Structure formats: structure tokens, C-alpha cells
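J.: So you can see what is in the structure, the chains are spelled out below.
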Amino acid sequence: MKFKSLMHKVIGSLALLPLIPSLAHAFQAAPAARADYNGWTPHQHWDEVWHETMLDITILGVVFAIVTFAFMIMYRRKGHGERGKMPKLSAQAKVGWVVIPCMLFLGDDLFLYVKGFDLHNHLRNVPADAAEVKLTGTMWNWNYVDANGIDTDNELVVPVGKPVVLRMQSEDVLHSHYMNRYRLTEDLMPGRVTWEWFMPDQLGESVVTCREYCGTMHSGMYGKIKVVTQDEYDAYVAEQTASVPAGTAVASADKF
Amino acid sequence: MSGFMGHEPDGRPGQPKTVKEWVFTLDHKVIGVWYLIGAIASFVVAGLAASAMRIELGSVGPDITDNGDIYNLWLTMHGAVMVLGFQIPALLGFVANWAVPIMVGGKDMAFPRVNAMSVWLLWSGILLALANLVIPDSWNGMWTGYPPYSLTDGAGNTALYSFIVVVLGMSSVFGAVNLACTVAFMRCKGMGWFQMPLTVWCVFTANVIQLIFVPVLAASVILLSLDKYLGFGFYNPEVGGDVLLYQNLFWFYSHPAVYVILLPFMGIMFEIFAVSARNDVFNYKATVWSVIAFIPVSSDVWVHHAYVAGLPDWLRLLQTFTTLLISLPFGLLMLSLTGTLFRGSIRYTGPMWWAMAAFMMLIIGALTGIPNALSAVDYGISDSYVIMSHFHYVMAVSGSMSIFAGVFFWFPKLSGRMCNEFLTKATAAGFFVGMNIVMGPLYLAGIEGMPRRYMDYQMFADNATIVDAQHWSTIGLYITFVSALLTIVTWLHGAIAGEKATSANPWGSESLEFTATAIIPGQGNFPTPVICPEGWHPYNFIDNPKPQFEPHPGTSGHH
Ligand code: HEM
Ligand SMILES: [Cu+2]
Ligand SMILES: [Cu+2]
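Protein sequences, first through last, are from chains A and B.
Position in the first sequence counted from 1, then plus 195, gives you the working numbering.
FYI, the working numbering numbers position 423 of the second sequence as 415, with every residue one higher than the one before it.
Source of the hints: derived by calculation from the structure; they are not laboratory data.
Check before you lean on any hint, since a few could be wrong.
[Stated by the list, open to error] Below, simulated BS3-like cross-link-like pairs (lysine-lysine); rule was C-alpha separation at most 25 Å, straight line:
#, chain 1, residue 1, chain 2, residue 2
1, B, Lys277, A, Lys283
2, B, Lys538, A, Lys283
3, A, Lys280, B, Lys538
4, B, Lys417, A, Lys273
Computed from a predicted model, the values in this text were never measured in an experiment.
Take the sequences, apply the hints, and build the full model.
T.: What follows is the structure, given as C-alpha cells:
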């Protein structure tokens, strides 16, 4: 077939593309209340999307692998002079084998995109009641200053159940603040303030590491986030602020 | 003795005899071999660095070094040399130089002298990179060279880094112009664009991508040196610059660069799949268009390397979408590869073992790329072993196995000898199993939170998954190491003592480098200019007309 008429068919079939979003929409269960996200914390939401994505790629992989293995076994060369018997594709089949797979791929892409978009909104919208903590990265130290003016290195103590937002900046090179339990990474750099927020939902400690290469001791730049009960937290604040003069709290809050 | 004699239609010797002839050669095949030697040497160096890292990471705490700078030097060398010294030269050097001109029926590259310059620029780059191992202020800023770290003294010799990148970039640009012209103007009579082997299409497209994007990379690293040594402030916020500028410029090139690697090695797979299955490439024309589609698609996805870098949210969401769109042309290529086996007549030759193993790694690598495309998911796995494992599957392992498949595939044409078939298959299996044990467990470690570029992981010492994964990964390394070593032994053995090739076309290909040349193609490749007759196609294994030759001036044209 002439290339031009083939091209017309391809372009014509693009008219079918609007089918795909509807397909993607059908996949996506209608959310009851978006702002509620089924009551998940952001990292539970992350786990949920992660597992769905893993399921998605596992299914794709298994289907693809089964077909490939089947071909590999079924189509071994039997006789010496045997040749492949690839059927000749009609012009329609040629176009169909482009358009239909593309629609399927695009359908899956959009299906995942919608989930990612949802998660993105969850992770990137800070709740109004979040407590602010200022985080400064230097080679090779994490310095946290919370709203009470408590200044700690490589350890952040927060009360359970209250969202926390970190306002972050680096004083030297790039660093990246990764909170293992909360599944969040964001870079720190000079000249720009970046942020991430998380919901401490479980008592105990979790690991914080640096995830942007920052020199010799990059792998030594780690700390922890300690989640305590409100009572323990109040006691902690009272003990820590006893020595801090009032008024220094989050001196640079105006920066944000 | 291996060499390039073959037929010598005009009486000129086909094979360089002296060192001088080898060095000053303008023959694209000899230059291709120089690229190959450089690439394999780079693979050895970078592989040793990888082995050192893997041994260090085998258990918590120092194993063979407790010095972060030394580990970082190994890692920098490994990443940079594998990408810039091994894979790109093997694909855009060896395959592009040795195979492409013959595949399109040309007698050489379009500009043989420029070609010689490209290869020696590459060698200069490799030697400069090796110098980094011995100079006092060696560069340890990784192959990515992010500022502000790369502007500090701690990062070492930034000028060397910029210079190496520019030298290699020049080599690439000269090579790319040359190859694009070769494909456009040196094709033999009768070969239309849609009669070119897919390897040619893939290498051609990769070179177009190089031409568009390499200058951006060169600019980004030159600005680094201007900043560091001359006090310019492109990347310095204190004087109005922006650190993120670099990441945007760098990935604007370096994302497309992954297709510069991916496309040619998939091209090798297509060649070997089609020849081994004696089957037409499934939906050939659509496949070609998918390859070309990578040019626009690859240009607008670079932000997926910087989802957590502090760029605006709308940009992250936009490029999540464009990144997912890569699945369209890529999916079609995968479909074509599997489709090429459909109703085929597959013979599992040594090269086919390597290509099949590469294909399986590619399936895993491609699928593990999908979660990374989603910006919100990336917040949890950015810069972790999840990413490290993914790109080793999709690029490092799949790419190397395809490259090695290609070396085994064209080996008889290079040396006139065959590699031992058992060793070829055994090393393929060993490399495949070994690399899965290296990189599979590390994916799980990544899910548990293991960051990349770490020389140690004492913060995860009580995480059994991470500790076990690191342990198994190092065991996998030993298997890989032995297999890689044996692969090289197999080549050496093949070149020196292998069985003599009895046919110019041992795998039954329909492509010109096998059907229209002597066992070892001589100078000028073809006795007289080759002509593709009406209806000829490189993947027609049923009733393909034989390539023809123009009559030799002054003879009756006995070919
Ligand atoms: C032959 C077996 C190989 C092994 C055992 C291996 C192992 C490793 C290890 C342990 C790391 C560093 C992990 C970290 O600390 O973050 C690494 C990083 C890397 N590897 Fe490999 N690798 C191999 C082959 C390759 C190949 C063939 C390539 C070709 C492109 C490659 C490209 C890279 C790159 C680009 C990095 C990242 C460097 C960076 O973080 O700047 N590797 N590899
Ligand atoms: Cu760091
Ligand atoms: Cu990329």
C-alpha cells in the first residue's frame, strides 16, 4: 500500500482516541470524597498506589512472558530448510497492529496516571493544621528547628497524629531528605526553599537518609524521626524550651 | 591469522600489516575494531570498579575500604566509563562503523578521515578518564556532575570532567554527522529507506538524537568550569544563578542519551531475532516509525530525572504524562520483537542465546520503569536501589548482553573464525543468571529504602531484607565476573584458535554484510559496487533476489 493512504488510515483512526480516557475512567473507582482519600495517610496512599502499579506491571509482564515463551518453544526450527511463515499483513492489519496496541498502552498509562495524579494531590497539598519545621542540610548533617524553637541535629521528635511540614534549604551542596516510613523524598539546595509534609501515624522511630549525592560522607548523612504521644511531646517541649529564650521560634518563617 | 583480507579487487592489500597501518587506517572496519577494543577495555575497567563496589557492599561496615572518597571514585569511574566508554562507543562506534556501511552496501563511511578522527578522540577521552584514577585531585562528582557539589574542591578536578565530556561529545558529533551522511548518501543502488535493516534505522536515529542533544550537554559542563574557575555564576544562586539550571540542561541531553543506547541495542536484537527465526520483522514499517518516534518523544521527558529536585508541581505532572507516552513507541518495538518470533523457524545459535537473554532483561527493565514514571510514586523510590536495579536491567545488562550478542553475531566476519558454541551459550547463561542475582535482590532492597550511591548502610543494619539482598547481590557478582571473564576468553580463543568459518554467511542472514561480501570483507567491502535488485528486503527469507554487482570495469563481471 502506498505510504500516503496508510498515513490517512492512521490519522483517521486517531478519531477513536477519546475512547481511551473513558476506558481509563471506567477502571478508576469513583472516589467518595477526594479530600478524604479513603482515610489513608499519605504513605498508606503511596503503598496503595505502589501495590496497584506492581500488580499492573506484573500482569503485563506475565502475559508478555507467556506469549514470548510460547513462541520460543512452538516455533523452534524443525527441518533444515524450514523458513519462517510470517503471515502477510493486510493494510488494515498493519494499521490495526499500531492503533490497537497503542490504545491499550495509552489506556493503561492513563489508568496509572489518574492514580498518580490523585496521590500527587494528596502528597503535595499541605493540611492547614500542619506544624512547620525548618530543616537545614549541610555536609553531612540534618538540622531541624521546630515551631517551638527546638533545635536538634539528625533527630526530629513529633507528636503522633499531627501533620508536619518541613521547609527545607541547604547551606552547601544538594542533599535530599528521604523519610523511609513516609515514602517521601525532596531535594534541598541553596537558593530555593523546598518542602514535604508527612503524617506521623505510629509511635516509634523511623529512618531518615540523604538521597542526593553530597560527597565523602553521603552515606553517613542519616537520622531518625521519633513519633511520641502528645503527653510525651508536651513534656519534651517543656524540657527543651526551658533553656531557649522565648521569641526565637522559627525566626525565618517569613521566608516562606 | 585474523585480518581483513578477503577479496582485493583492485590489488590493494585489505589487511593492515604494520602497526602504522593499523593506526593510520581509514578503513571503517578497522576503525570499528578500534572502537570495539576501546569499548571492551572500558568494560573491563568499569567492571572491575563495579566488582570492588559490590564486594564493599557485601556486608554492613567496611569490607575493603572505609574511605568514602575511594568508593565514590570507583562509582564515578564505573558509571562514566560504562556509559561513555563502553556502551556508546560499542553501539555508535563499533556497530555504527563496522556494520552499518556494509549493511547499506557502501564502500566506506562518507568521510573516512573524519571517522579516524572520531575514534582517536574517543581513545583520548578514555585515556583521560583513566588518568582520573592516578591524578591527586581525582574527580569524584559522579558521571552526572551536579553543582553545587561539582563546584566545590571536594569534587576534585572539574576541568578534567568538563574536558572529557567535551572530547567525547566531539567524537560523538563527528561520528553522528558521518553516520547520518553514510546512511543518507552511501546506500547502494536499489536500497530504499524502507529496505534498510533495523540496525541501520536504529543507529541512524540514535545519531540524529546525538546531533540534536549533545551540544546541550557540552554547554552544561562548560558552564560548570566557567563557574568554578572563572567565577561566573550560572549555577550560583548567590549571584543570581540557579542550581536547577544544570539539572535541566544535563537531563535534556542525558535522557535522550538513554535512547541513543537503547535503540541501537534493540536494533541488534531485531537483526538476530529475524535471522535466527528466518522470519520477517513483524510490521516492519510500523517498527521503523516507532524508532523514529523516539526523537520527539524523548525530547520532552527529562524532568522525570528531577521529580524531587524542587521543580514546579505542574511540570512534574506534565512530564509524568509525557514520560508515560514513551510506552507507545517502546511497546510497539517490544511487540515487533516478540512478533518476529511468531510462526518463525527459530534456531538457537550462540548469538541468539545472548539476544534472548537480553530481551528477557529488557522486559523486566521496561516494566520496572513504569512506576518510576509516576512522579508521586517516585517520591518514595527516587535515588534508591529501585532505580539502580531498573536501569541496570533496562540499559546496563540488557544493553551489554545485546552488544555481546552483536559481537558474537559479527565475529566470523571480523576474524574469519567461529567462537566455540558451547562457551558462547554457557557464558550467556552465566551472565544472565549472575546479573539477575546481582540486581533482582537489590530491587527489593530499594523498596525497603536502600539509597543508591551509598558506600555503607549501617542505618539499615537491622533490616534483614536489605542486609540479605546486599549479601546475595555480591554472590551474584562472582557468577557474573566469571562469566564475563569467560566471555572474553571465548573471543580470544575464537580469534586465535577458533574453527575457521567455512561460509561467508554462517547464520543465514539476508543482509548485505553476510550475503555480498567475502568471509572477511575486504577493502571497499564489495568486489564491485553492490546493487539491490527490485523486491530485495533484508528480512525476506523466502524468495529474496540475490544482491547483484556492477560489472568490474574491464572484465565481464563474473560475480
Ligand atoms: C557488569 C556488572 C555490573 C555490576 C556488578 C554493576 C554494579 C553496580 C553498582 C554496585 C553500582 C553502584 C551502586 C551505588 O552505590 O549506587 C552501579 C552503578 C551504576 N552502574 Fe553498574 N554494574 C554493572 C554493569 C553496568 C553496566 C554494563 C553499565 C552500563 C551502562 C552500568 C552503569 C551504571 C551506572 C550509570 C551506575 C550509576 C552510577 C552513579 O550512580 O553515578 N553498570 N553498578
Ligand atoms: Cu547526600
Ligand atoms: Cu530518563
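J.: If a hint holds in the structure, say so; if it does not, say that too.
T.: Right, here's what the structure says about each hint:
no., hint, verdict
1, B:Lys277 to A:Lys283, "holds (13 Å)"
2, B:Lys538 to A:Lys283, "holds (21 Å)"
3, A:Lys280 to B:Lys538, "holds (20 Å)"
4, B:Lys417 to A:Lys273, "holds (20 Å)"
Going down the numbered hints, you'll see the structure goes against none, and every one checks out.
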